[in-house]
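Can you join these two chains into the complex? Each is in its own frame, and there are hints to help.
Read top to bottom, the protein sequences are chains A and B.
So the first sequence is numbered by this note's numbering: it starts at 1 and just counts up by one.
So the second sequence is numbered by this note's numbering: it starts at 251 and just counts up by one.
The set of hints was computed from the structure by calculation and includes no laboratory data.
Any given hint might turn out to be false.
[Said to hold, decoys possible] Here are the simulated distance ranges between beta carbons:
#1 B/Glu273 - A/Lys98: 25 to 31 Å
#2 A/Ser209 - B/Trp333: 33 to 39 Å
#3 A/Thr144 - B/Pro329: 43 to 49 Å
#4 A/Leu20 - B/Ser287: 41 to 47 Å
#5 A/Gly116 - B/Cys285: 29 to 35 Å
#6 B/Ala281 - A/Ala58: 30 to 36 Å
#7 A/Asp97 - B/Ala281: 40 to 46 Å
#8 A/Ala52 - B/Trp333: 38 to 44 Å
Every value quoted in this text rests on a predicted model; they were computed, and no experiment measured them.
All C-beta atoms, glycine included, are put in the ideal place defined by N, C-alpha and C.
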Amino acid sequence: MARAAVRGRLNWTLGEVVELIDETPRVRSIVLDVPDWPGHRAGQHVDLRLTAEDGYQAQRSYSIASSPEDARLTITVEGLPDGEVSEYLVGELRRGDKLELRGPIGGFFVWEAVSGGPLLLVSGGSGIVPLMSMLRHREAADATIPTKLVSSSRSWDEVIYRDELERLAAAANGPEVIHTLTRSQPPGWTGYARRVDGAMLAEVAWAASSMPMTFVCGPTSFVESVAAALVLLGYPATSVKTERFGPTGG
Amino acid sequence: MEGEELRLDGNAIAGTLGEVFVEEMTSARIACEGCGSVESVGAEHAYVQAPGIVLRCTHCDSALLVMTRTGSRMRIWFPRSRWLETGEPGND
Chain A
1 MARAAVRGRL
11 NWTLGEVVEL
21 IDETPRVRSI
31 VLDVPDWPGH
41 RAGQHVDLRL
51 TAEDGYQAQR
61 SYSIASSPED
71 ARLTITVEGL
81 PDGEVSEYLV
91 GELRRGDKLE
101 LRGPIGGFFV
111 WEAVSGGPLL
121 LVSGGSGIVP
131 LMSMLRHREA
141 ADATIPTKLV
151 SSSRSWDEVI
161 YRDELERLAA
171 AANGPEVIHT
181 LTRSQPPGWT
191 GYARRVDGAM
201 LAEVAWAASS
211 MPMTFVCGPT
221 SFVESVAAAL
231 VLLGYPATSV
241 KTERFGPTGG
Chain B
251 MEGEELRLDG
261 NAIAGTLGEV
271 FVEEMTSARI
281 ACEGCGSVES
291 VGAEHAYVQA
301 PGIVLRCTHC
311 DSALLVMTRT
321 GSRMRIWFPR
331 SRWLETGEPG
341 ND
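Just chain B, same shape as in the assembly (with noise of 0.2 Å):
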């Protein structure tokens, strides 16, 4: 268990994540491939003190969403998400 005071939520790494999208990112939702969960990003756990980012599950503590940067390169992989989906949602 990574010190429960370092736990933040997606809020906290959106300027990270605007690096690369252009969409606004803590609204987006992340579904969870460890418990099956759906949440919006920004309700997510989020570790930023390793070296790079973590976004876990809030309910599972899945790691869904992980970015570590090496000089000008970012790199973003979803260890154990299955999708994320931006734009508003219930609007279609």
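Next comes chain A alone, as it looks inside the complex (with noise of 0.2 Å):
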């Protein structure tokens, strides 16, 4: 059923941050207030616009982490080091402050409970913040839709939402969740600890013959990678979508 195509095209508009959420000691969720905010699915993404004193703008695109079902906007932000914009979102961000975005924007890297599966997400670093909010859509929607994530982060402590997917892991019909850690090990680690590569999917995701809607997103290199790996494992490249963040993510 094709959802109401026809809309405005796309102006800026103010939210307030209501709630800042430190995920991991560089990355931090932020939690907007948007009047009237259309509503968004799950996979979509802001542009968000900062402004200097003296007229300078810079312009970045974050992925929404909140679910559609949840009434406040919730973009997850990596601070990364020389980055203008993400350094202020993660370090001079305060509470009541007000941020130009607009949006939601996209189409193409959107899951929707009613879209069925298997599902597989696979994420790199902050990659996991699209998916994210289809795990999040997920679960609100009471959806039992078989789904595993390959979460790929450097260290157990810079696992994003790390209790968020225990406690889903945890619950009926939730999603499986598989973690690898590619620079460190907490002691006693028993899980991968290696960048995600063909022989690792070939032994956690879905086979191929069971046609999984599958949805990649971090880093370029990571992305590129996976997808590579996958359609050689079978799967149709064109079930394979992908979200790419560029070199340094976020």
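As structure tokens, then:
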């Protein structure tokens, strides 16, 4: 069923910061109250624009982390060294501040519970953000679609949404969450400790014959190597939707 | 070859496309004149570091769509694409 496809052109609007959540030492979620927010679909993003006193403007895209069912809009931002926008968002932003944004944006990298599955989500670092919106939507919609998340992080302390992922995975009909920790692992770690590769995906991903819907998000090199590995495993290229964050992510 | 790590995809230019087009454009289909392929805009490669935005064919690297801004003017041209189709695919 086609949704209402007709809307106005994208316009800038203001959102107020109502909560800040430190997800990891370098990653922060920003919860926004956006008057007249039209709602979004899991996987969409917003553009955010900062204007300096001298008029200089900088614009970035950030994936939406909250589920469509959540009245508040949440984005999650990784603070990047020398990232003029992300450093401000992670380090300086305070509750009550206003942010200029436009959205929701996108429609290709989107999953809805009615889209079906099984679902395979593969994230590198902060590439987990739009996939988290999908997992939150899946839970809010009481969907039981078989779902796997393969999440690559540098270390256990840098796993974004770690506690919530554990809670989701422990729930009845919850997603299966497979972590790999590429740089350092806690004592006694028995999980994967390398970059996501074809051998790993052959072990943990759905068989291509089950016709999974797949979403891959992260740094460009991560996304392209994972997508290529999945195609080698027999996944049709058109079933693997990708979103590249560029060289540094976020 | 532009830097591989600077390569994004059509999702990254959706906001700019949304300044011009009323419909959601990442799920629009675009046909490549270079190799004949048809893909969703969101699946094509995008480069945003150039002066302007370039959407390139994910198969043959042809420049499908270029957007440049000069002051309040936005120019869009289609060097190597045949057509652009909006709306839900396969719904008719």
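Hints that the structure is at odds with (numbers, increasing): none
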